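J.: In case you want the letters, here they are:
There are 4 protein chains.
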Amino acid sequence: MNTSAIQPTRIQKEESADQRWARFKPISNGDQYVESLRNRDLTVYLFGEVVENPVDHPIIRPSINALRMTYELAISEPELASAWSPLIDAQVNRFLHIAESPQDLVMKNRMQRRMGQLTGTCFQRCAGLDTISVLHSITYDIDQTHGTTYHQRYLEFLKQAQRNNIIIGAGMTDPKGDRGKRPTEQHDPDLFMHVTKRTQDGLYVTGAKAHMTGGLNSHWICVMPTMNMLAEDKDYAVIGMVPADAHGMTYVYGRQSCDTRALEEGDIDKGNATFGGQEVLVMFDNVFIPWDHVLMDGEYEFTQELVTRFTAYHRASYVCKTGLGDVMVGAAAAIAEYNGADKASHVRDKLVEMTHLNETIYSSGIASSHEAKPLASGIYMNDTMLANICKHNVTRFPYEISRLAQDLAGGLMVTLPSQADFESEATGALLKKYFKGRHDVTTEERTRILRLIENMTLGRNAVGYLTESMHGAGSPQAQRVQINRAMEIERKKSLAKNLAGIIATDRQNPS
Amino acid sequence: MNTSAIQPTRIQKEESADQRWARFKPISNGDQYVESLRNRDLTVYLFGEVVENPVDHPIIRPSINALRMTYELAISEPELASAWSPLIDAQVNRFLHIAESPQDLVMKNRMQRRMGQLTGTCFQRCAGLDTISVLHSITYDIDQTHGTTYHQRYLEFLKQAQRNNIIIGAGMTDPKGDRGKRPTEQHDPDLFMHVTKRTQDGLYVTGAKAHMTGGLNSHWICVMPTMNMLAEDKDYAVIGMVPADAHGMTYVYGRQSCDTRALEEGDIDKGNATFGGQEVLVMFDNVFIPWDHVLMDGEYEFTQELVTRFTAYHRASYVCKTGLGDVMVGAAAAIAEYNGADKASHVRDKLVEMTHLNETIYSSGIASSHEAKPLASGIYMNDTMLANICKHNVTRFPYEISRLAQDLAGGLMVTLPSQADFESEATGALLKKYFKGRHDVTTEERTRILRLIENMTLGRNAVGYLTESMHGAGSPQAQRVQINRAMEIERKKSLAKNLAGIIATDRQNPS
Amino acid sequence: MNTSAIQPTRIQKEESADQRWARFKPISNGDQYVESLRNRDLTVYLFGEVVENPVDHPIIRPSINALRMTYELAISEPELASAWSPLIDAQVNRFLHIAESPQDLVMKNRMQRRMGQLTGTCFQRCAGLDTISVLHSITYDIDQTHGTTYHQRYLEFLKQAQRNNIIIGAGMTDPKGDRGKRPTEQHDPDLFMHVTKRTQDGLYVTGAKAHMTGGLNSHWICVMPTMNMLAEDKDYAVIGMVPADAHGMTYVYGRQSCDTRALEEGDIDKGNATFGGQEVLVMFDNVFIPWDHVLMDGEYEFTQELVTRFTAYHRASYVCKTGLGDVMVGAAAAIAEYNGADKASHVRDKLVEMTHLNETIYSSGIASSHEAKPLASGIYMNDTMLANICKHNVTRFPYEISRLAQDLAGGLMVTLPSQADFESEATGALLKKYFKGRHDVTTEERTRILRLIENMTLGRNAVGYLTESMHGAGSPQAQRVQINRAMEIERKKSLAKNLAGIIATDRQNPS
Amino acid sequence: MNTSAIQPTRIQKEESADQRWARFKPISNGDQYVESLRNRDLTVYLFGEVVENPVDHPIIRPSINALRMTYELAISEPELASAWSPLIDAQVNRFLHIAESPQDLVMKNRMQRRMGQLTGTCFQRCAGLDTISVLHSITYDIDQTHGTTYHQRYLEFLKQAQRNNIIIGAGMTDPKGDRGKRPTEQHDPDLFMHVTKRTQDGLYVTGAKAHMTGGLNSHWICVMPTMNMLAEDKDYAVIGMVPADAHGMTYVYGRQSCDTRALEEGDIDKGNATFGGQEVLVMFDNVFIPWDHVLMDGEYEFTQELVTRFTAYHRASYVCKTGLGDVMVGAAAAIAEYNGADKASHVRDKLVEMTHLNETIYSSGIASSHEAKPLASGIYMNDTMLANICKHNVTRFPYEISRLAQDLAGGLMVTLPSQADFESEATGALLKKYFKGRHDVTTEERTRILRLIENMTLGRNAVGYLTESMHGAGSPQAQRVQINRAMEIERKKSLAKNLAGIIATDRQNPS
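Residue numbers (the working numbering), protein chains in the order written: chain G, -12 to 498; chain C, -12 to 498; chain X, -12 to 498; chain U, -12 to 498.
Check each hint, because a few of them may be wrong.
Identical chains blur together in the list; that is why a pair holds if it fits in one copy or across any two.
Stated by the list, open to error - Result set (DSS-like, lysine-lysine): computed pairs, CA atoms no more than 30 Å apart in a straight line: (1) Lys330 <-> Lys168; (2) Lys330 <-> Lys146; (3) Lys168 <-> Lys420; (4) Lys423 <-> Lys12; (5) Lys420 <-> Lys12; (6) Lys168 <-> Lys419; (7) Lys12 <-> Lys221; (8) Lys360 <-> Lys0; (9) Lys420 <-> Lys146; (10) Lys0 <-> Lys12; (11) Lys423 <-> Lys330; (12) Lys420 <-> Lys360; (13) Lys184 <-> Lys419; (14) Lys221 <-> Lys163; (15) Lys420 <-> Lys221; (16) Lys12 <-> Lys163; (17) Lys184 <-> Lys330; (18) Lys419 <-> Lys146; (19) Lys0 <-> Lys168; (20) Lys360 <-> Lys12; (21) Lys184 <-> Lys0; (22) Lys12 <-> Lys419; (23) Lys163 <-> Lys184.
To be clear, the hints were calculated from the coordinates, so they are not data collected in a lab. On a predicted model such as this, the values are computed, not experimentally measured, just so you know.
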């Protein structure tokens, strides 16, 4: 199709890697991060309109606030959210730190849980960290096989990223079109991102990356293959780093449940007025990547491993949802107290059950980190089996935690009038009269907690707490496929046969 | 508090029962129903504003459409949705029919499932039917004890209701204030509805009824006690029939997740553009009820039984959710097909699981109807234990069905751009390009099904499918209390002791 | 293989149908039933030995006691366990009654639950009832197609069965050999039962029927195909009635967990000393069936329907497990009381949960009966979908009920010393001293209830309560296949598409 | 009561601590362990009889074999099952090693899983390890408070234990009598173990320890309080080390499901012929403990902490069940293969589900070890919350794994004839004929795997895999109480309130 109406053809010389970096300056706190997003020449669409200033758009801003908190946490809890990088011999944000030990991965998990507690939403910076993590070993391995220099390029990029303290978005998920067909078989080649041209300076890619978490809030986007590629897919086996404001990129903002409440006056009905997640579609129309920022170009045989390792990191990153789970437990306990029901044994029992499920998720996440092993490049990677176990529990337990929170909330959560009604002269006093519970709790407090539970189980942040828990980092069946592969069924059969007296392959029985 | 600012004092003579009925005329189809709601003098607030014309308000209309369907179904499937009433010797809408047999209750359940299939939401007419059902026997029983004439009044009302084919709303749930206190102990007497004055013509009530299903779409509202009342609560033990537009009533509309999408252009993002549910707060400020429409005044000792019988009917009414479940199964199957994944064994297996859970709910609902027994007044009532079982399953399985539907939907459900983006010149063609799946399915079809699943699992109709399934007709713990009462634990202990050889209380062992 | 060593070749004329019946006389109570099993010329093996007198064998007798109770119940609760048979114009045991209405099937379910309550085990008579039920319509339908006279033969057999009040065993499950192969492809033709010879008097079958419930306690065994047969399988498409003591039959008794406790002295450690289940392997070596007792011979095209209808009846029969569930609830409540823990809220809550699950099973069972429809032959058959739902719940909930019972029992259930230790001079007084709980409960009472729970969750009757609940009437996957077939997925898709605004196939939307 | 008939009064001088140790010699392999159990003067009862030679008793021996494996594993996999002890400057069995790091606790978990894989049962040595672990810190803490010398005594004991490589049994669970009464309120003071006399040489205790794991297979038993003691319970606050053959001790063997199959000929029907668990009741009648082996005498205020720390160690020890889970997965996969069903997608899916649940347990166990923290005495202790999470999952998932294994096994598991029938001349050939599945799998192999699954889900090792998983180290409610205590509900409430805009207690919101 002809997309020229949107993106004009470029004739000037393309920007070099250095030129691209020259546009950045180090970010040292949240405010600087927010500022860094201003005045970029991005093409963003939302509700069919161009968004001139995304930073101050009421629907978009909460997602920026969530990322902003990653900068603030590094200041307020530096041991948790920053780390010493030998690469630049300086303290860096942990979201840009290469895991040098299992403990580094555990600290990452703790930071993720804390971020979840503080924002109650998807704070969008994990996928970028998991991307730079997987590229550390993959570029190294390609170089070992092919004598390329991807790893050095990668390290140079990473140093700049650490120095400038930037956000990296993970551009992984291609639209895929007909699931029954390979990239080259699609009726439209753009349904998987691919190289359209190679020049002396670099290469050009066309395609799209779907439901990209925090895409618009990123400074750089790493495009990489979404699945295993074969020899005929060489042009699709491409990894590159692209500034979010590169020529040829178009963003379309994804809708979320209750998104337009952000446009309303008042902060109560929003539930969580400050923080939200973000998913965008990013389309690339012959976007240029200088060679210094190309980290794979045709080495298709490493794509399978790329995906497997990425999911090893990323599926464990879903411990972030235990931070949201902590908020859910707290919100459920608060509303029970406000309703005067917190002493009931069934209420207490439900809070315990919510906690049990939440900590079970946490266990499997940190266990996969504690059991991490080093790869050839020196970076540590989560235990694959346990990372899949973690994510698979995340596809189940938040739904049950959410169900229990709704149980404790009571039906009022979905029948409350609007904030405007509470504040109107005509009805305000009446509503306060009739929605009064315990004498020491204001109707507003009660309403705010109910709206928070609504936000996290039906509304804007339910997207992150539920549906994204289901599909992010791979849908449930993807984990089952991995567990199936890793479960060593023959070894377990032989354990059973040994005890059943069939054949003693594993160990001699005592006489 | 002084509410006089809102409702002016009335000095004219109060309307009699006959005068009230005289304002109605028989409704014979959906259009007439919609018309019947126009030009009523209701005081309705939404988003802090008075709603002048609720019928045509985009947020309210879908809830009217759902009720409208109860009229249409009686025409298109009369055997299902109407019945012969010996009271007026005519065919009446089944939602106004007194159960003369278990089969009548089963037919009611089938109609409810069908309504759920056709609307995908709460169609708001069940509570009214369950109200007239419970009043049939309760008025009869009071009369037997006290020599009152409530049952005759009731029958007269019901004849009018059947002839005029009206909607009755169930005004049951008082705000309750501090849950640890009885009605007379509350700091504000109005937190439970009560009689404020009795005259020769009738009585006056003040109070409020919270999260009243379809309140605004009703013609009459039955106010009745929400829980067991004691001797000191006599003034709170009141049942009466009130026209929805009686003097002294104020409505405040409850918010729902994604409610304002109804205000947007386009029908796609709404998910289910036609149908929705409705919950309102109704406040009563000295509302008059003529004696002919008073069905209890002080006979507090019948309130416990009133609640128990009402829940026996109403908890079985939640089979309606199996109709929504059918839609969920269908939507999940459709999106799997659109995604090209419908042949995968795990997809098929999830559809089977959804169906299994849905039919399990249906089983317990119709079982409680089939096992119905007649009461003294001649009406049949659902088996109490099984009705509670039905509702208790409804507090669990729709959540799991919803989780599985989200699993099959894929993450796109929560990252799709808006309809406006799909239709914009700038991005429309690009979005259609990139969100294209199978060649024989349009992007719009795919989007529409995803929006429907969003609507039912996160959006407006998730309120009805999930949260209302949790709390409507009593929260889970309420069912557990009833199951605990009805489970005949001593009898079961004796069965066990008999088999364990402890004591043979139940039956002789063979030698 | 040559099996002549076990069964001598017969040369005399074969017994006619009349001669076979002449050996029976009407049974009118439990004692007569037990007597009717004596002095039969059965070849029975158990622990490698011939059992000369099965009736008085301590392992076998409890299974006979369970069937005996079906006779006693018809006397003590005749409205429940007997029915009027128009066939012989007399009251008959309900286990031999042809369902003339949905109510008949519901009464059967109630009787099954009651039998479960009274025996705490599998009472083995359901499969026979479900067999005569399915044959009523299948023989009728074959006759309609082929002009055969199977239905008349069937009715004659049934009259005799009712008059003599006999037990019929269902010989359905062939060994099947390699599951990947059809009957005619097996390396041994006997792995599916088949006709080996046809004479003027009748036909001869060879093969085996595996895990036959109550086989040894039956008077007659009905052999029938276990699955769909094709044209090439004609000799395998055979149904016939065989007396349990016909020439050529050999029984091998199946082991059960803890079976040999029945051989120990004392009744405590048995848990349920009186009642048990029975599964046997029955092998047929050229067993003769006179034509009058042949009900299918080659009409393979009816085998699929035979199986489907049989499972419709039989899967609903698993409501019997709710009777065992009642015993489990009672036992759990009793031990909680004996332990002094019955007031704890979590104990009460677990009893409620057990009851909820148990009644959910019951709901789906009786719902499938209430929704029964008549077949061409006039008999009523359970609703197929709901019968499968019932059985599918039975493959899950008894395990959870059992788990909860073990929770309430405490660990003592699996560490208690033997009855002999409790009764020994050396240790008896010490054990009573140390296992004393509440002062008003004897150590023996406590022990007996614990042994009953052991019996039903690990021991002999766990076979019936758990594993048989899993596999009887078809393993879980078999129900899923049926649910998949019956779930009308296209219809449900169109409901969803209609609401999503895709195509209005099901009903017009209101404007 | 008078127990003098069993234990004669002693008049000679009591054995000193040194004398007691002098009876031991170092054990360096499994055979020496078995020998070490011979010729001890134990009073053991089983089935009402004295067991003269427990070591060779067919019911007891499998439990000894399981412990024997702990010695063998230290030889075959020394890095896993042994560790360097700085206390004696030598390599010791890991079951006697004091955790000096989180990694030590993780290695312990791995060893436990491996032991579970190799034995398929409870190998009985964990509670002893967890006992010496908790005493390390508790004795230290008492000394710090009271200036006592318990910790030095403890270290001396531990050195001897390590040098001699002995088994220590944990004597913790008192009979407790009426649960509603404190120790001093019981009608019989012996229902909790207590000091009866103190002399210059030591003290004497009387009481009993119920369901003591591997009691009879231990060399020493540590008696300690089972719950929090108060000031008035001082004589009950006693910890001491007792040789298993001390004067005054009487053992009564606990029954297990199918225990007597161990007495039958043939190894097939046993399911797991080699290994089993053991629970005994141990009664103490004025048993002497020299002061050197007394580790608490009256310091009641440390009993609460004793129990809490013990459960922190012991609840994580239940990862051993993941070893049994591995066997279950393997057995289920093997029988599916033997049945020819291993390619079915639902079979594969059930194996994945079993693995997922099993690894989830493992995650929470090792996570609690990885997150261990040092105590004042220098020993590391598992994270309390996660150890409780681990155990709580163990009270659920093995039941579901077991249910799925029974699903895959098929009904034959509970209807198979006995080994004797398979081997009898009369029926052997017929049974092999009819129970033949795939041509390349013998009937015996199929039978053996089925018997193993029976063993672990209904039989002898179901005691360890299921019921002990429920109650060992505390019943489910005990974990819920701990989770409730540890869940920091106020902190979580403040997280929720912060996001809801109620009060910002946890962190400033960005503007």
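J.: Given a CA cutoff of 30 Å, do lysine 168 and lysine 419 count as a within-copy pair, a between-copy pair, both, or neither?
T.: between (59 Å within a copy, 18 Å between copies)
J.: Can you tell me if lysine 184 and lysine 330 fall within 30 Å by alpha carbon in one copy, between copies, both or neither?
T.: Neither way: lysine 184 and lysine 330 sit 68 Å apart in one copy and 38 Å across, limit 30 Å.
J.: Is it within, between, both or neither when you check lysine 423 against lysine 12 at 30 Å Cα-Cα?
T.: neither (52 Å within a copy, 40 Å between copies)
J.: Checking an output row: lysine 12 and lysine 221, CA cutoff 30 Å. Within, between, both or neither?
T.: Classified as neither; 36 Å inside a copy, 69 Å across copies.
J.: Please work out whether the CA atoms of lysine 168 and lysine 420 approach to 30 Å or closer within one copy, between two copies, in both situations, or in neither?
T.: Cα proximity of lysine 168 and lysine 420: across copies only (16 Å, versus 62 Å in one copy).
J.: Up to 30 Å between alpha-carbons, please classify lysine 330 paired with lysine 146: within, between, both or neither.
T.: neither (54 Å within a copy, 47 Å between copies)
J.: Pop the pair lysine 420 and lysine 146 into one bin, within, between, both or neither, using alpha-carbon distances up to 30 Å.
T.: Answer is neither: 60 Å inside a copy and 37 Å across each miss the 30 Å cutoff.
J.: Have a look at lysine 419 and lysine 146 and pick one of within, between, both or neither, based on CA distance no larger than 30 Å.
T.: neither (56 Å within a copy, 39 Å between copies)
J.: Can you give me the call for lysine 12 and lysine 163, within, between, both or neither, at a CA distance of at most 30 Å?
T.: neither (36 Å within a copy, 58 Å between copies)
J.: Have a look at lysine 0 and lysine 168 and pick one of within, between, both or neither, based on CA distance no larger than 30 Å.
T.: Close neither inside one copy (37 Å) nor across copies (70 Å); limit 30 Å.
J.: Between the shortest in-copy and the shortest cross-copy C-alpha distance, which are at most 30 Å for lysine 12 and lysine 419: within, between, both, or neither?
T.: Result: close neither inside a copy nor across copies, 51 Å intra and 38 Å inter.
J.: Is the C-alpha distance from lysine 0 to lysine 12 at most 30 Å within one copy, between copies, in both cases, or in neither?
T.: Within one copy only: 23 Å inside, 79 Å across.
In summary, the numbered hints that this structure violates are 2, 4, 5, 7, 8, 9, 12, 16, 17, 18, 19, 20 and 22.
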